[in-house]
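J.: Here's the letter readout for the chains.
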Amino acid sequence: MNIVVLIKFVPDLVEDLEIDASTSLLDRSFLRLIPNELDEHALEEAILLKERLGGTVTAITVDFGDVDETLFTAVAKGTDRVVKITGEDFSQGVSNEKLAAIFQGVLADLPCDLILTGTQAVDDLDGFVGALLAERLGLPYVGYVTKIDVQDGKLVARKEYPGGLNADIEISGPAVLGIQAAEKPPRYVVTSKVMEAMKKASIDEQEAGEASVEAELPVQRMSLPETGARAEMIEGSAADVAAALLKLFRERGVLA
Amino acid sequence: MSDIWVVIEILRGEVKEISYTMLAAGRQLADGLKGKLSALLIGHNAQALASTLGAADRVLCVDHADLAEFNPEAYLRVTTAALQEHSPRLVLFGHTAIGTDLACGAACRLKWPVATSCRTFAAAGGELRYSSLTCGGKIIAEGPIPEPNCLATVMPGGYKAEAGKVNKTPAVETLSPPALDGVRTRFKQYIEPPAGDVDIAKQPILVSVGRGIQNKDNVALVEGLAKALGGVVSGSRPVIDQEWLPTTRLVGKSGKQVKPKLYLAVGISGAPEHLEGVPEAELMVAINTDAKAPIFDVAHFGTTCDALKLVPALTAQIQ
Ligand SMILES: Cc1cc2nc3c(=O)[nH]c(=O)nc-3n(C[C@H](O)[C@H](O)[C@H](O)COP(=O)(O)OP(=O)(O)OC[C@H]3O[C@@H](n4cnc5c(N)ncnc54)[C@H](O)[C@@H]3O)c2cc1C
Ligand SMILES: Nc1ncnc2c1ncn2[C@@H]1O[C@H](COP(=O)(O)O)[C@@H](O)[C@H]1O
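So the sequence lines, in the order shown, correspond to chains A and B. Residues in the first sequence are numbered from 656 upward in steps of one, following the numbering used here. Residues in the second sequence are numbered from 5 upward in steps of one, following the numbering used here.
A few of these clues could be false.
Stated by the list, open to error - Listed next, the in silico DSS-like pairs over lysine-lysine satisfying Cα-Cα at most 25 Å (straight line):
{"no.": "1", "chain 1": "B", "residue 1": "LYS260", "chain 2": "A", "residue 2": "LYS802"}
{"no.": "2", "chain 1": "B", "residue 1": "LYS231", "chain 2": "A", "residue 2": "LYS902"}
{"no.": "3", "chain 1": "B", "residue 1": "LYS40", "chain 2": "B", "residue 2": "LYS231"}
{"no.": "4", "chain 1": "A", "residue 1": "LYS809", "chain 2": "B", "residue 2": "LYS169"}
{"no.": "5", "chain 1": "B", "residue 1": "LYS263", "chain 2": "A", "residue 2": "LYS902"}
{"no.": "6", "chain 1": "B", "residue 1": "LYS313", "chain 2": "B", "residue 2": "LYS231"}
{"no.": "7", "chain 1": "B", "residue 1": "LYS192", "chain 2": "B", "residue 2": "LYS164"}
{"no.": "8", "chain 1": "A", "residue 1": "LYS809", "chain 2": "A", "residue 2": "LYS739"}
{"no.": "9", "chain 1": "A", "residue 1": "LYS848", "chain 2": "A", "residue 2": "LYS739"}
{"no.": "10", "chain 1": "B", "residue 1": "LYS265", "chain 2": "A", "residue 2": "LYS902"}
{"no.": "11", "chain 1": "B", "residue 1": "LYS313", "chain 2": "A", "residue 2": "LYS902"}
{"no.": "12", "chain 1": "B", "residue 1": "LYS192", "chain 2": "A", "residue 2": "LYS802"}
{"no.": "13", "chain 1": "A", "residue 1": "LYS839", "chain 2": "B", "residue 2": "LYS220"}
{"no.": "14", "chain 1": "B", "residue 1": "LYS164", "chain 2": "B", "residue 2": "LYS313"}
{"no.": "15", "chain 1": "A", "residue 1": "LYS839", "chain 2": "B", "residue 2": "LYS192"}
None of these hints come from the bench; they were simulated from the model. Quick caveat, the model's predicted, so the values are computed rather than measured.
Construct the entire structure; sequences and hints are all you get.
T.: And the structure:
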């Protein structure tokens, strides 16, 4: 099975996010970008499938600052081919509608049986690229997938519902699946393996073609949430805070 | 063209709570625009559920044996056909495993824009606006809902589901489904949740652990604290996905909704998907080194003390 995985770079949410006063949008100039967590799960699921069924894994990302290391890490994990889409200023944010159109163009030259994305990226706003891409390619889309199997020549996607319930959905032919979690936690590779991949592998660059887009969502303004009710903060050393919490738990009858 | 539609979610014959949240939102918007509110009810032998959707002016039922359980491609066809024909101003879907499979595909087919993760909407002077929560709850994005048609996925939190539960009998109409031959997806079976573990939804004291605990070994610290408090350990998604805790302990959108007397969140950022699971703890305390973590917007008490130091200190003092 030949599998394509799309990897998006998103703001590291542990860092402070700022709003650019002139655009009223997220200030992207100093953002630390990391691969979207669910995309790492998508890559893991792809590699697990390849290990089980054979075939190839291709990881695609858009040219977005420092993506090379992530792509070489993907190679070290078992990805066969890594592709970077260039020719567009992706750093300022491109609508998902347009991204889907760009991926459609790139995939036209890259026949595959299965396309995996993350179910959603932490910073999305205007649709899921996987679902939009599926429509453009005329393929079915199933999101919230936590396991993929092949039975009787058909894909079976395990779809997650709340509370631990899952449903198996059978799919005939190729599909785009949004991964919610891989069957196993994404594997870790040591730095020496990544260095080795850097020496041996190369990143293919592909130009983004003309992308025509019909419906985009305008984002006018972003802001940091301001809530009236903030937690009452307890300061001090670990021992001080522990004592204060102990007192609180007793007052509230949580502890005898 | 001022009609609002809600795509109702049913799972195993039950209307999901998000449907009522959407009806509450839809009712406000329809009234604001002086339009009508319609609920699209897709399923098999599900018409009886229409009587629970009284917040809507009318319920449009689509019935077919192939629609008995959620089937992404079949439901997408049905939804798109109905929207194409009726062309409502705004269509609300759940920001859920069902709603997001449909909303984005329908958007592409209809060539209508889609806004995801919406929490609230506003209708003023005939203009509609959305407000979404993105970046793990750290950013609010707002904008106009483009004319003439738009789709949106809705997260809980902005509207009370109770407001969408109205004891009225809506008008019921039947829509015939489009041809469903050649559908490539098929519902096969449900896989039941694992049984046998404690039910975190019923526990009065939960010590909930997040990625901030850093590694599996440190989870034992939190287990020690839970034990000292006479409670149970639960966790956020990354902790469960990394197999530091079993899936039965997951709190949030994809896990369980909990309502403990004490919810002690240790190294949890407070992403919207997590907070969906803790709507009403009597006492919520958060330990998180990031003073800007969204968890502090909902916790009653908080501290930016390092959990790796505080948790052992607290355990020792309790003992
Ligand atoms: C469709 C979907 C469904 C989801 N369902 C769920 C769900 O059901 N439940 C759920 O939890 N998530 C769910 N998520 C994931 C959710 O979006 C977040 O990614 C997740 O909740 C983050 O978990 P976290 O807070 O543990 O980790 P992070 O967001 O990484 O936060 C870790 C926190 O620990 C703090 N920290 C670091 N070191 C320390 C220290 N030494 N002491 C104290 N604090 C420290 C950091 O400041 C940070 O705030 C879902 C996501 C999607 C897309
Ligand atoms: N800019 C991008 N580059 C690569 N993959 C992307 C990009 N945007 C979205 N994707 C893929 O689509 C998934 C859903 O993202 P989103 O639509 O932004 O929620 C991601 O998890 C990625 O797999």
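J.: The structure should be examined with respect to each hint, and the outcome stated for every one.
T.: These are the hints, each one checked on the structure:
1. The suggested pairing of LYS260 of chain B with LYS802 of chain A holds, with an alpha-carbon distance near 20 Å, which does not exceed 25 Å.
2. Among the hinted pairs, LYS231 of chain B with LYS902 of chain A is consistent with the structure: their alpha-carbon atoms are about 18 Å apart, no more than 25 Å.
3. Restraint check for LYS40 of chain B and LYS231 of chain B: the C-alpha separation of about 54 Å exceeds 25 Å, so the hint is violated.
4. Restraint check: the Cα-Cα separation between LYS809 of chain A and LYS169 of chain B comes to about 41 Å, which exceeds 25 Å; the hinted pair is violated.
5. Restraint check for LYS263 of chain B and LYS902 of chain A: the C-alpha separation of about 22 Å stays at or below 25 Å, so the hint holds.
6. Distance hint between LYS313 of chain B and LYS231 of chain B is fulfilled; the C-alpha atoms sit about 17 Å from each other, no more than 25 Å.
7. Simply put, LYS192 of chain B and LYS164 of chain B have alpha-carbon atoms about 34 Å apart, too far for the 25 Å limit, and the pair is violated.
8. Taking the CA atoms of LYS809 of chain A and LYS739 of chain A, the gap is near 30 Å; set against the 25 Å cutoff, the hint is violated.
9. For the hint pairing LYS848 of chain A with LYS739 of chain A, the CA-to-CA distance comes to about 21 Å; that is within 25 Å, so the pair holds.
10. At roughly 16 Å between alpha-carbon atoms, LYS265 of chain B and LYS902 of chain A fall within 25 Å of each other, so this suggested pair holds.
11. With a C-alpha separation of about 18 Å, the suggested pair LYS313 of chain B and LYS902 of chain A falls inside the 25 Å cut-off, and the hint holds.
12. At roughly 14 Å between alpha-carbon atoms, LYS192 of chain B and LYS802 of chain A fall within 25 Å of each other, so this suggested pair holds.
13. The suggested pairing of LYS839 of chain A with LYS220 of chain B holds, with an alpha-carbon distance near 15 Å, which does not exceed 25 Å.
14. Taken as a hint, the LYS164 of chain B and LYS313 of chain B pair is broken in the structure, with Cα atoms around 39 Å apart against an allowance of 25 Å.
15. Note on LYS839 of chain A and LYS192 of chain B: the hinted pairing holds, with a Cα-Cα distance of about 23 Å set against a maximum of 25 Å.
Hints 3, 4, 7, 8 and 14 from the earlier list are contradicted by this structure; the remaining hints agree with it.
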